[in-house]
Amino acid sequence: MKVYIEVTTWFKRFTGGNASLELEISEGTPVVEAVSSAGIPKEEIGFITVIKDNENKIVDDQYILTDGDRLKVYPAIIGG
Amino acid sequence: MIYEKYIRVLYIDMTENKIRIENRADLCEYLGGVGVATKLLEENIKPELDPLHEDQPIIFAIGAASTVFPVVTKTVAMFRSPLTGELGESYAGGRMAMTLFLAGYDAVVILGKAKRPSYITISRNDVGFKDARALWGATSDEVGRIIREREPGGGKRSIIRIGPGGENMSSFASVCVDTYRHFGRLGLGAVFGSKNLKAISIVGDRSVPIKNFKDYFKVYQEIYNRVTDTEIMSKYHDVGTPINIEPLNAVGGLPTKNLRQNVFEHGESISGEAFAQKNLVRKMACTGCPVGCIHIGQLRREFDKGHEYEVISVGYDYELIFALGSFLGVKTPNDILDLIDVVEQMGLDAMSTGVVLGWATEAFMKKLITEEQTIVPLAFGNVASYKKAIEYMAYKENDFYSVLAQGADKASDVYGGKEFAMTLAKNEMAGYHTGYAAVVGAAVGARHSHLCNGGYSLDQSMKEFNKEKIVDTLFAEEKERCMLNSLVICLFARKVYDRKTILAALNSIGNNLTDEELTAIGERIYRAKLRIKKALGFDQMSVKLPKRFFETPSMSGQLDEKIAYELIGMYNKKIEEFMAAENR
Ligand code: SF4
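Protein sequence lines, in the order shown, are assigned to chains A and P. No gaps in the numbering here: position 30 of the first sequence is 30 in the numbering used here, and each next residue is one more. Just remember that the numbering used here sits 1000 ahead of the position in the second sequence, which is counted from 1.
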């Protein structure tokens, strides 16, 4: 099945300069595995949201993707 | 003092124009930095006197590894805060730690009050008391420029100074350090003003030979490589802390319009990327830091009709964009830089300024205050009014602005609107509406800053809500940061400086501490801070949380007031046990 990932500018360094990607994954894949298979190191991931019913909702690392899901990946919050 | 078994303290008496130097072996058990500063504060503070009384001390301290290892760059300042009335603690980078180290002082204690506006020069062999009457009224940029021209010692020199906000003793006046760094929080600038102290210039010209260079350099290089070759620190240099705007806005944790909202509809236009693309011109570093996270944006400003423009360099970071951007509904990088520059020139803390103006805007909208009092119409996004209001606060233009200059808590005591005066134990909130750990963390933190225990970071990493875990983690982190700040490491590098690295660094310069001793030092410092807070009358259980925190959803969803108070109670119990354990 196919999912669509959008990343913020920071992550473009890991995705060959792409801001959006299409990913072919197998059923039952947790979202964090899908994002890391796109080249983004797990420790860099702050939040992942999935667009559902026109709303951007935060999902847990282990959220199981469904066909056609649209994700957005954000970096972790930094600071002292 | 590196390679010595004592802490070298310079005492400056501004009333008598006298100094003395003491080599204090007894302070070594506090290691340095915040440990030594806390102990010196405890010895010199006068709980019975007002925070701005001339007999109150200002303490500066550096740490046991300052300057000789990468990113160990900060100086700590301690004082009685005029904003909260209790523990004042603030950190600044720049060149100050390096100059104190090379001038041969671990700590400086300033007491008394000069008869007229003055500035102090500190060097290895001398302390000078100079007339600053001609500098009184100058902005922090102007005073920096004049002292640079007037005093010798460029390069290895640090000039710290106040603007009009400090002179007029606004409770959240800052002290500017080397133009782009600040002792921002809790009003050290006002304490300078109360002593007629406009500036301090420090020159360090000592050369300190490193013993056992091979061992030292091996550790130095390992740390340097981790700082520069890994991803841990690269974000700080690249986009810098403004990278936070995008994720916080996406997940509903960006305080907006006095926290009436948790998402800013113009978040994208003030993101770190937007600043980088439109305004970023330069990055700078504190001395001894290979990261360079200080982002400088360029602002082109019309100063007269007929296309007369000036170009100004303005430092920006996440907290400033939150406080003077989303929190005030200001929606472009240019407008935010414009406000930062006014705050900078007036010498105020940008975070408190934004949050105070957020309260004033809402109070004005709700007609608790009138335009006769505010002089200009306050409205979210109205940059022209905010620029004026910032100046009015710094100069205490009228009765209303005199009250506003004492912070949002005080202003809401006088005019009402307590439920939307966004302070935690009287200190204005930081830019994270992330959940319980951020709210409770600042309420219980020794100085009520988000940096006491990093609650906002805990909200982000915590997978499942667990009350005990929140309280235990905040408590452990507070103690650990007491230890880290006794070294005065820039906390951005806290993941690089794990226990193993700290011990290797200290051991390589002849300080053979153990892991257990580091833990004991952290605990000793925290206990001393709690003793000071108690002596100053602070009661954890009397802290009131503004309702707004529980009305506007956070990143972790809607917060429940009852749970927040319960967590504060649990934390209070923990510190009572912690203090009792010492007495047993
Ligand atoms: S990371 Fe930034 S604030 Fe910290 S020492 Fe380096 S330049 Fe200074």
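Wrong hints could be hidden among the right ones.
Unchecked claim - With a straight-line Cα cutoff of 30 Å, these simulated DSS-like cross-link-like pairs (lysine-lysine) come out: (1) K57(A) <-> K1469(P); (2) K1469(P) <-> K42(A); (3) K1278(P) <-> K72(A); (4) K1257(P) <-> K72(A); (5) K1331(P) <-> K12(A); (6) K1331(P) <-> K72(A); (7) K1283(P) <-> K42(A); (8) K52(A) <-> K1331(P); (9) K1113(P) <-> K72(A); (10) K1469(P) <-> K12(A); (11) K1495(P) <-> K1113(P).
To be verified - Covered by chain A, per the in silico footprint, the following chain P stretches (three or more residues, Cβ under 8 Å): (12) 1164–1178; (13) 1234–1245.
What the hints assert, rightly or not - Ranges of calculated distance between the beta carbons of each label pair, as one might list FRET restraints: (14) P30(A) <-> K1467(P): 23 to 33 Å; (15) R1020(P) <-> I58(A): 54 to 64 Å; (16) G39(A) <-> K1469(P): 29 to 39 Å; (17) A19(A) <-> K1469(P): 15 to 25 Å.
I should point out that these hints are in silico values taken from the structure, not numbers from a laboratory. For every residue, glycine included, the Cβ atom is placed at its ideal position computed from N, Cα and C.
In ascending order, which of the hints set out earlier in this document are inconsistent with the structure?
9, 10, 11, 12 and 17
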